[in-house]
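Chemist: Chains V and F supply the protein sequences, listed in that same order. Take 0 as the starting number for the first sequence in numbering that gives the first Met the number 0 and just add one per residue. Take 0 as the starting number for the second sequence in numbering that gives the first Met the number 0 and just add one per residue.
Derived by calculation from the structure, the hints in this document are not laboratory data. Take the hints with a grain of salt, since some may be wrong.
Taking lysine to aspartate or glutamate and the EDC-like style, the derived pairs with C-alpha atoms no more than 20 Å apart in a straight line are [stated by the list, open to error]:
(1) F:K108 with V:E175
(2) V:K260 with V:D196
(3) V:K177 with F:E58
(4) V:K177 with F:D59
Output of the computed footprint for chain V on chain F, the stretches with three or more beta carbons under 8 Å from beta carbons of chain V [as the list claims (entries may be wrong)]:
(5) 70–78
(6) 99–112
(7) 128–138
Partner residues are not named here, just some residues of chain V that face chain F (Cβ under 7 Å, in silico) [as the list claims (entries may be wrong)]:
(8) D166
(9) N169
(10) V170
(11) R172
(12) T173
(13) L174
(14) E175
(15) L176
(16) P188
(17) Y265
(18) A266
The C-beta atom is built at its ideal place from N, Cα and C for all residues, glycine as well.
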Amino acid sequence: MPRRSDARGQGLFRLTARLTPARFVAISCVVFAGLLAVWWGVTASGLVKPLFLPGPDRVFARLADLAASGQLWEDAGVSIYRIMVGFLIATVLAVPIGVLIGCYRAWEAIIEPVVDFVRYMPVVAFVPLTILWAGTGDGQKFLIIWIGTFFQQVLLIMDNVKRVPWDFVNVGRTLELKEREILARIVVPAALPGIWDSLRISLGWAWTWLVLAELVAATSGLGYRIVTAQRFFQTETIIGYILVLGLFGLVTDQAMKAIAKRLFRYAEARR
Amino acid sequence: MTQPKLSVSGLTKTFARGSERIRVLDGIDLEIPENEFVSLVGTSGCGKSTLLSIVAGLEDHDTGSVLVDGQPVEGPGRDRGVVFQSYTLFPWLTARQNVEFALRAAGLKGADLRDRALEHLALVGLERFADAHPNQLSGGMKQRVAIARALSYRPKILLMDEPFGALDALTRHHMQELLTRVWERHRLTVLFITHDVEEAVYLSDRVAVMSNQPGRIKEIVPITIDRPRPYDITSTPEFMALHRRVLASIREESIRIAQMDDAIG
Ligand SMILES: Nc1ncnc2c1ncn2[C@@H]1O[C@H](COP(=O)(O)OP(=O)(O)OP(=O)(O)O)[C@@H](O)[C@H]1O
Ligand SMILES: [Mg+2]
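Just chain V, with the same shape it has in the complex (with noise of 0.2 Å):
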């Protein structure tokens, strides 16, 4: 019937429409593509001038030169180290504090207008007191990277824990769990997918708070070579080193949701 292949030819941009991993992988790739080529066609044009923005045959050779130098991976290396160390301290200390407050009011009570409180201090104001305080090595780097993310986590994970229905916690008690039984068994499990999400969207924003960390005040870093490149108006390192950035951030987002579907295959939604 024509009616029915009409709502199929249409299906791709109807509500609750399904999409095989295979052409979701299409049609972001085919994104790409697009978005490169009229970056290409712009500079190749000459619409832009090189020094703003130079074409993407200049800019990859650049990066291949940086990647053939070592002076890419030293780079990334470096950055790497300072998100991960910086991540783990938020992460290691928001969880625990996160499941506290979203469970016993009271503790919510003392901590989260705090919590808050500071959430809304601008981090980049941060930056120069980091910098009395820990100097400009790697201390300085995790401190931002934690009072970036450590504060929004802390919220993020309490809401994911009061979003456990309540009578989950009331199986525990009809069945005599103790408190703690109850809280490790019963609440934590519940809240995991959901904590496990926010960690993955505060890891996006440590990669912000790193950068603006070493653009301001370092001696290695991805952040810090940005700056150095300006100096010499290097736009290809520039640009190239925003690329590698956001490629970052994409694997590891990708990776971290990956792992989800993997932990947490029993919470997709049926459909």
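Please arrange chain F with the ligands on chain V, whose structure you already have, making use of the hints.
Modeler: Here is chain F with the ligands on its own, set in the frame of chain V:
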């Protein structure tokens, strides 16, 4: 006279609403002898769930007493199994693991766990779905697992808050038959909340009708229909007369509430 299994007397419960306190339950008296099936019906918001939560020990009360086997209830316990209205299966566990979770809490270990869990899943006809996660089960199947879980540790009293509320008529009917069978076999004492008058009459030995604002037991209707009850019993004059009687009692209440609201509004 023998001691009732469950005895509620002079129970009152108030909730704070804004600056005033509203009396949700006001002098509830209800005795349920062992192995009796009692349904609680009443207009929405009359306090049925609140009463059930208090009996379960999940909520405290102001005055009056709740006794199980003559002993005052102090908090929740495994002597009372609860089936909640909302889906409460843990999504990260399979059907079998959900039942095992309860059994482990009750102190079972090792091979016993698995056997008892499977036995109870078989009881609700779901042994084939033992390894399925809740997101692979339909609403009715989830409630069946929840019933298996609540029964697995052999509570003497089963408290159920509209367990079949979200189910279609056919599934509901299956669940009612299943529940009757389980109730007969395990000699359970059941307090069952429902909105469905036919369900209440079909399942129960007695139907307690609650009044609203404040919540009281308005009337207790004995259901004098022989058991076992085939499902077509619902079209007999005897059944329909009881059905009408309970319905009229509830309707009286909702009309009174509507008039009260009109007077206020
Ligand atoms: N925690 C609470 N705080 C304040 N009021 C409450 C609370 N719990 C219940 N109530 C009030 O108590 C009354 C009875 O609630 P309850 O849930 O027991 O009704 P119900 O008879 O189960 O209704 P339904 O049939 O719709 O489920 C309602 O008016 C409700 O607003
Ligand atoms: Mg209710």
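Chemist: Output the numbers, in ascending order, of every earlier hint that fails for this structure.
Modeler: none
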